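Just so you know, the protein sequences line up as chains X and D, in that order.
Here my numbering is used: the first residue of the first sequence is 1, the next is one more, and so on.
Here my numbering is used: the first residue of the second sequence is 1, the next is one more, and so on.
None of these hints come from the bench; they were simulated from the model.
Please note that the accuracy of each hint is not assured.
If you want a taste of the chain D side facing chain X, the calculated C-beta under 8 Å gives, among others [stated by the list, open to error]:
| no. | residue |
| --- | --- |
| 1 | 24 |
| 2 | 111 |
| 3 | 114 |
| 4 | 116 |
| 5 | 155 |
| 6 | 168 |
| 7 | 169 |
| 8 | 176 |
| 9 | 181 |
| 10 | 184 |
| 11 | 196 |
| 12 | 200 |
Fair warning: this is a prediction, and the values are worked out from it, not measured in the lab.
Cβ coordinates follow ideal geometry from the N, Cα and C atoms, glycine included.
There are 2 protein chains.
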Amino acid sequence: MVISAPSGGGKTVVRSGLLKLNKKFAFSVTCTTRPRRPGEVDGKDYFFVTVEQFQRLRKDGKLLEWAKVHGNYYGTPVKSVMAVLQKGRIPVMTIDVKGARSVKKLFPAAVTVFLLPPDLKTLVQRLRGRGEAPENVAVRLRTARSELKVASTFDYLVINDSLPEAVREVAAIAELETRRTARNLDKVESFGSQLRKKKI
Amino acid sequence: MVISAPSGGGKTVVRSGLLKLNKKFAFSVTCTTRPRRPGEVDGKDYFFVTVEQFQRLRKDGKLLEWAKVHGNYYGTPVKSVMAVLQKGRIPVMTIDVKGARSVKKLFPAAVTVFLLPPDLKTLVQRLRGRGEAPENVAVRLRTARSELKVASTFDYLVINDSLPEAVREVAAIAELETRRTARNLDKVESFGSQLRKKKI
Numbered sequence: 001m002v003i004s005a006p007s008g009g010g011k012t013v014v015r016s017g018l019l020k021l022n023k024k025f026a027f028s029v030t031c032t033t034r035p036r037r038p039g040e041v042d043g044k045d046y047f048f049v050t051v052e053q054f055q056r057l058r059k060d061g062k063l064l065e066w067a068k069v070h071g072n073y074y075g076t077p078v079k080s081v082m083a084v085l086q087k088g089r090i091p092v093m094t095i096d097v098k099g100a101r102s103v104k105k106l107f108p109a110a111v112t113v114f115l116l117p118p119d120l121k122t123l124v125q126r127l128r129g130r131g132e133a134p135e136n137v138a139v140r141l142r143t144a145r146s147e148l149k150v151a152s153t154f155d156y157l158v159i160n161d162s163l164p165e166a167v168r169e170v171a172a173i174a175e176l177e178t179r180r181t182a183r184n185l186d187k188v189e190s191f192g193s194q195l196r197k198k199k200i
Numbered sequence: 001m002v003i004s005a006p007s008g009g010g011k012t013v014v015r016s017g018l019l020k021l022n023k024k025f026a027f028s029v030t031c032t033t034r035p036r037r038p039g040e041v042d043g044k045d046y047f048f049v050t051v052e053q054f055q056r057l058r059k060d061g062k063l064l065e066w067a068k069v070h071g072n073y074y075g076t077p078v079k080s081v082m083a084v085l086q087k088g089r090i091p092v093m094t095i096d097v098k099g100a101r102s103v104k105k106l107f108p109a110a111v112t113v114f115l116l117p118p119d120l121k122t123l124v125q126r127l128r129g130r131g132e133a134p135e136n137v138a139v140r141l142r143t144a145r146s147e148l149k150v151a152s153t154f155d156y157l158v159i160n161d162s163l164p165e166a167v168r169e170v171a172a173i174a175e176l177e178t179r180r181t182a183r184n185l186d187k188v189e190s191f192g193s194q195l196r197k198k199k200i
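Please take these sequences and the hints and turn them into a complete structure.
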């Protein structure tokens, strides 16, 4: 499950909501070179690494995707995702728009969700509300322009108006995606095999 | 919403369940040359037509899809579907596997669901339970073999074990499909336009 949004779109809070809602969802930790914000825990919220460490991970092919966003590097360690999948849980990744597209290309089975604030006013309020400096708000809004252009390549669009509602919708998408025929070919095969064996 | 299943798979009862569950679903009536079964109402369950009338509709391009199944013709009048769409409701079509694929080809926006009984034993019981003669049961099981082969081309697979559960799942699929980005490009465009207009 890949959740993406313009900066301030609420991907982090939606992810937290999902994890609280159902134990089948698990956080796949991203690594980043951006400075830690107050309250963030290393290894839990992010793996905070230096630019040097990041480049090493990238060169060694340890990252599923990576991107430079607002001057900082972000990357998804392959290990984090595999660890979650091996436990039979659904890895929830919150990554930027470019990263989301890379993951979808590598893993077409990934489900990509684009979170959109109900309107621009709300997005600006959220960015200011989390204490971004005016020049940072401007940078993020400019980035949002180009992010919006590729939103159409995502599988689902969820309007993040009410947080509980957005969380409920993303969870329902994950649930229903398990009913996709492409994910259930074993069941079709098993029924077909019963039919072939039967003398009619 | 196109619901398909092997004969005896329960497409008719699932459709009835959907229509009872929510008024947004509406029945798009199929026409058929097969004899009316006890309790079936012309113009409600099917439009019962002669082979001659059917061929006329077909030649005049009035059918969205048509197929010959077990010696009888079945077809979806374009008019039935359009009437439902124009009311802003979701047309629910229960058609055979071949017809479902034709509709999907013509309307990629159609959502196709393949209903599968939990196992072969249940399918045989259901066919016998509705009073099919043993030779008809055999014919339907043979048809099911080839139908299963194309099940993988459907969007969703729903195991029809418990009827209320299957109905709930198909309704949830319809609900979540409205969140597909491809069906919400207007919302993406509207937000993008707000961003472009804003001086940053």
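Hint-by-hint comparison with the structure:
1. About 17 Å separates the beta-carbon of residue 24 of chain D from the nearest beta-carbon of chain X, more than 8 Å, and the hint is not met.
2. Annotation: interface hint on residue 111 of chain D violated; nearest CB of chain X at approximately 11 Å, more than 8 Å.
3. Given hint, residue 114 of chain D at the interface with chain X, holds; its Cβ is 6 Å from that chain's nearest Cβ, closer than 8 Å.
4. With 8 Å as the threshold, the beta carbon of residue 116 of chain D comes within range of chain X, its nearest partner Cβ sitting at about 6 Å, so the hint holds.
5. Restraint check, residue 155 of chain D versus chain X: the minimum CB separation of about 6 Å is within 8 Å; hint holds.
6. Given the 8 Å rule on beta carbons, the hint for residue 168 of chain D is violated: about 11 Å separates it from the nearest Cβ of chain X.
7. Because the smallest distance between the Cβ of residue 169 of chain D and any Cβ of chain X comes to about 6 Å, under 8 Å, the interface hint for this residue holds.
8. Hint status for residue 176 of chain D relative to chain X: holds, with the closest Cβ pair at about 5 Å, below 8 Å.
9. The restraint placing residue 181 of chain D at the interface with chain X holds, with a minimum CB-CB distance near 4 Å, inside the 8 Å limit.
10. About 4 Å separates the beta-carbon of residue 184 of chain D from the nearest beta-carbon of chain X, less than 8 Å, and the hint is met.
11. For residue 196 of chain D, the suggested interface contact is upheld, since its CB lies about 7 Å from the closest CB of chain X, less than 8 Å.
12. At its closest, the beta carbon of residue 200 of chain D sits 5 Å from a beta carbon of chain X; the interface hint therefore holds under the 8 Å criterion.
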